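2 protein chains.
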Amino acid sequence: MDVNSNRSEDLCNNGGTATTPTEKVSMEIHSVCLPPKKSTFQKLKHRLSDIFFPDDPLYRFKDQTWCKKLVLGLQCLFPILQWGSHYHLKLFRSDIISGLTIASLAIPQGISYAKLANLPPIVGLYSSFVPPLIYSVLGSSKHLAVGPVSIASLVMGTMLSENVSPAADPILYLELAFTATFFSGLFQASLGLLRLGFVIDFLSKATLVGFMAGAAVIVSLQQLKGLLGIVHFTTKMQLIPVLTSWSWETIVMGFSFLSLLLTARHISMKKPKLFWISAAAPLTSVILSTLFIFCIKSKAHGISIIGHLKQGLNPPSANMLYFNGQYLALAIKTGLVTGILSLTEGVAVGRTFASLKNYQVDGNKEMMAIGLMNMAGSCTSCYVTTGSFSRSAVNFNAGAQTAVSNIVLATAVLVTLLFLMPLFYYTPNVILAAIIITAVIGLIDYEAAYKLWKTDKLDFLACTCSFFGVLFISVPLGLAIAVGVSVFKILLHVTRPNTVLLGNIPGTHIYQSLNRYKEASRVPSFLILAIESPIYFANSTYLQERMLRWIREEEERIKAKHGSRYQKSIAMLSAVTAMDTSGIDMVCEVKKMLDKRSLELVLVNPVASVMEKMHHSNILDSFGTSSLYLTVGEAVDDISASWKPHP
Amino acid sequence: MDVNSNRSEDLCNNGGTATTPTEKVSMEIHSVCLPPKKSTFQKLKHRLSDIFFPDDPLYRFKDQTWCKKLVLGLQCLFPILQWGSHYHLKLFRSDIISGLTIASLAIPQGISYAKLANLPPIVGLYSSFVPPLIYSVLGSSKHLAVGPVSIASLVMGTMLSENVSPAADPILYLELAFTATFFSGLFQASLGLLRLGFVIDFLSKATLVGFMAGAAVIVSLQQLKGLLGIVHFTTKMQLIPVLTSWSWETIVMGFSFLSLLLTARHISMKKPKLFWISAAAPLTSVILSTLFIFCIKSKAHGISIIGHLKQGLNPPSANMLYFNGQYLALAIKTGLVTGILSLTEGVAVGRTFASLKNYQVDGNKEMMAIGLMNMAGSCTSCYVTTGSFSRSAVNFNAGAQTAVSNIVLATAVLVTLLFLMPLFYYTPNVILAAIIITAVIGLIDYEAAYKLWKTDKLDFLACTCSFFGVLFISVPLGLAIAVGVSVFKILLHVTRPNTVLLGNIPGTHIYQSLNRYKEASRVPSFLILAIESPIYFANSTYLQERMLRWIREEEERIKAKHGSRYQKSIAMLSAVTAMDTSGIDMVCEVKKMLDKRSLELVLVNPVASVMEKMHHSNILDSFGTSSLYLTVGEAVDDISASWKPHP
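Protein chains in written order, with my numbering: chain A, 1044 to 1690; chain B, 1044 to 1690.
Since the hints were derived computationally from the structure, they do not count as laboratory data. In this text the structure is predicted, and so the values were computed from the model without any measurement. Just to be clear, a hint being listed does not mean it is correct.
[To be verified] Covered stretches of chain A, as calculated for chain B (at least 3 residues, CB under 8 Å):
(1) 1569-1580
(2) 1638-1652
[What the hints assert, rightly or not] DSS-like cross-link-like pairs, simulated, lysine-lysine; straight-line CA separation at most 25 Å:
(3) 1494/B with 1088/A
(4) 1634/B with 1400/A
(5) 1086/B with 1497/A
(6) 1314/A with 1635/B
(7) 1086/A with 1500/B
(8) 1316/A with 1639/B
(9) 1081/B with 1494/A
(10) 1497/A with 1635/B
(11) 1602/A with 1561/A
(12) 1248/A with 1376/A
(13) 1497/B with 1081/A
(14) 1602/B with 1639/B
(15) 1080/A with 1497/B
(16) 1561/A with 1080/B
We treat Cβ as the ideally placed atom computed from N, Cα and C, and that holds for glycine.
Make the full structure from the sequences, and use the hints.
Shown next as structure tokens:
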């Protein structure tokens, strides 16, 4: 049976034209060859470079002079050097318009989001000043609008105030917030520096859809307190706030402005060209409501206002970082969770707009930029910032061309901090709640969830898990559960892989699933199985059982039909992209079992790494080279040809 | 470009012979078709049956009468009914010989292992009586020799005595041991009943090699205390026992018998036919040493002996099970860890000998048998038992034919319990230590570890992790780390999958790796990429970057060579066995990016589930059916043909 007469054994080495003359068969059989030999060290190096440098970040430096290399290196560290040199007035005009547009959005949102994190409103403005400046020097995205974001603010507020009351101990709370910001920046920068950016990939889009929706529900319910004018502040994230006191003036005002903002948002969503309506709405609402309160100030006792805000630039806060004491672990944990969430948002936003304008954002460099920006922020009274989706979209629509729009934004915030703070004295808190609700309501993405359900039920499961986990358990646990579900999905696919029975499409060398292609037909005397997964410890037992079941069923089928039996099993390994020692044992085991039933097993098209492992474990000796083929067609032809002389 | 003139669009439906006449091309192009339509419920049903019933356990019941089905069902529950009906004298003769052989091994090992678990020696004998009887009725392996095993004994002893001192509180300790046994049985039986047997697959062979070796080192060092005659007993697992007191008589005696046992083991390993030498050695040593101490009893003060053992059968212990109180969690945890370890050993041993004799052991049924045996054992003063590798090997070599050898073993233990207990009075403890060391030394499998290193470095890493984890941290943590490494290995493979550039082997339709097959050559104007992994959230960003890098490198290469550029990218999806929503987004994204560079992307041979998902997510609309091909060859031929008229 092992005739394989015209197999070109040394095809891999000599270029492969050595067809030996043969009496029975005319086609050439190609032998499966090993990948080029590499030492363990070379393999390790290759694997590590594939893990940490998949994008080959140094390719630009190849074949350059030392001087050029230095320039490129500096440009790599400070992308501003790259685009700054050919910056011109026309670009600046676009940037100034978009910068002012996002400033009008960033100022009210900054104040609001700081309140969401239970921080003084002014911290939100500080955080819209220093980080954008730093990002404009270090960042590689042209459209990212940097500042505080709702999710990270909510998560920081929730996690910190579960342990420290912002009302009872404001200084400690502030210290913890800056410390968490520092650790979040440190974590982000390290991920970028160590090129571990793939960590954030584990927060899949499905998970994030659920997480954002859950967070949005929490925030909205929380802010309803503000809209209802409830003064009493609950420190814990709770679904139903305690209704202790309310005022009808607040309610009327809150809901009027909320409907104004939602209408503006709705218009901009329907007609993307009118994006400036929703971009201008928050500042307009703030101005209108402040003027209104200012006019009726004597009669508006029930409406709580922001009150006095300190004029002046960011005070230094490096001395407020909290590196020892009982709350250090809390600060680190909060830093990690907010860090990974804000990083995910920032990188995703950067990538989205980069792909729209067809330029590339380097994930690892972007992480370092965001991380350094947060570390610097933590020393200048800023809390966690990142690229905000809503503001970046406005920035993009307003025609931002470079990161200069962030500088314009920072300048506008600077002017506000220096001169305009007293104007916010009469701004009612209720308007901040309305701004937050309008911002987060866009995070509930029904359509994406429905699409997940339609396309991938397990992704939908991950989405619902993170939604309910965040809503009913807690932010870190909800996220952990969702990541767990996503990982479980991978493991499930590996643990219970597909095996498919193949047939030949008549007149071709194509072998495809019998179940899927009606025109494919079984090849008599052969059982052709495609294994659609790596063979690992986690599935080797399953695959062994499943293969034996296919063989048993095939035997029964043939016995019922012809009374005879088939003679060869062919296992198609094209999709077996990896094999570990358990997998190799499994293949040996199946081979032995089939040998005992006088059936034969032939392997087809193992990928390089599988071939290599089979070679190292010496199982190829027991198979013999004649049991390895490059294609199913060649295997069938060759084996059938070798049968003909002994019918 | 989208001519694809003679694509047989409806091939999937009508049998596929519709070749339309064409002016340019003569070959037929096969279209990729969707798998047969199934409702969500059908898919779920199919998936669940694949997860929980991969072996189709009910296939024997098909097309049978009710009466026959009942008989088959009973035989399924009690395999003894299956083989018992045609049991005959010749089989019995073999079974009685093998049963007595394993009894001679099981009695001294039972006493020794019980000491390893810090339990009274008699519990080891009890555990060699009831469980074998139950297994012989329920078990489906013919060669498994049931009783206490070293690993489970060690783990139970270590985990329990970390919290409860067996010397200070022997009753509580015994209660906890029985309770842990009960929970371990419950856990095992539930795994079998719920058909979750694949859980034990996660303890891969690589992990177990490391774990066993680590445990063996601990046990050997611990037993050295016994050999050195140290009376003071440390309750914690420690590497260096405290040398408080010793006697030279014990040392001389211990090391003499240890060398006797090791020599016997060595002989049996060299010549497998002499297996009875190592099988008989323990009992011989016990008898010799007991006689020796009996003779010199007046002069042997330094040598500690077993002392009085209570005669009689297993007392009931259901009333000793401990279902509430502070140690319940400890008992459950110990039960889970010992349960999963003993299950893994039992099932692996059963499978090993089944495959040697070419019969099948049903993993889930086996788990139920072992689980019920342990639950029953916990009510009759037995601790955790399972199929022991060493005794099963002796059983197999001694010619056991059915589970009757377990009944013979139980009978021999019964006789011992009823009549022979006083004979053990003078048995020195040191001999038990020697027996344990001899038994566990075989668990250190250098060769397997070396083979792991040679074949799969990551498997070797999992092995070393579990070795050092067990040795230096603790049993459950060591195991958890090793399982973590194994899972990490799977995730790493998914996170950083291979992409391979393909070329055509001249004169064929075979497309293979350019790097591996020297005779494969690039196809001009095409970039053919094979993606060797499912596309998931965890790797979609990486794959996108990697694909764009291939494209960039290819462009640079062509530019350097010809000044022109290539026109089509072909992504070969044969090995993309799954895709989630992130994967689909990634494919869309790459398609868009390539469109912007006026390159085109064509997908080849998506598997059924991927095709289905792409269909549901409507991305096929943006691709058009003309961007999907069944084979790379057809894609290249068809596209080249469509180019010819416009050169």
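Against the structure, the hints:
no.: 1; hint: 1569-1580; verdict: holds (count 5)
no.: 2; hint: 1638-1652; verdict: holds (count 4)
no.: 3; hint: 1494/B with 1088/A; verdict: 22 Å, holds
no.: 4; hint: 1634/B with 1400/A; verdict: 15 Å, holds
no.: 5; hint: 1086/B with 1497/A; verdict: 13 Å, holds
no.: 6; hint: 1314/A with 1635/B; verdict: 24 Å, holds
no.: 7; hint: 1086/A with 1500/B; verdict: 11 Å, holds
no.: 8; hint: 1316/A with 1639/B; verdict: 23 Å, holds
no.: 9; hint: 1081/B with 1494/A; verdict: 18 Å, holds
no.: 10; hint: 1497/A with 1635/B; verdict: 23 Å, holds
no.: 11; hint: 1602/A with 1561/A; verdict: 23 Å, holds
no.: 12; hint: 1248/A with 1376/A; verdict: 23 Å, holds
no.: 13; hint: 1497/B with 1081/A; verdict: 13 Å, holds
no.: 14; hint: 1602/B with 1639/B; verdict: 19 Å, holds
no.: 15; hint: 1080/A with 1497/B; verdict: 14 Å, holds
no.: 16; hint: 1561/A with 1080/B; verdict: 13 Å, holds
The structure fails none of the hints (numbered hints given earlier).
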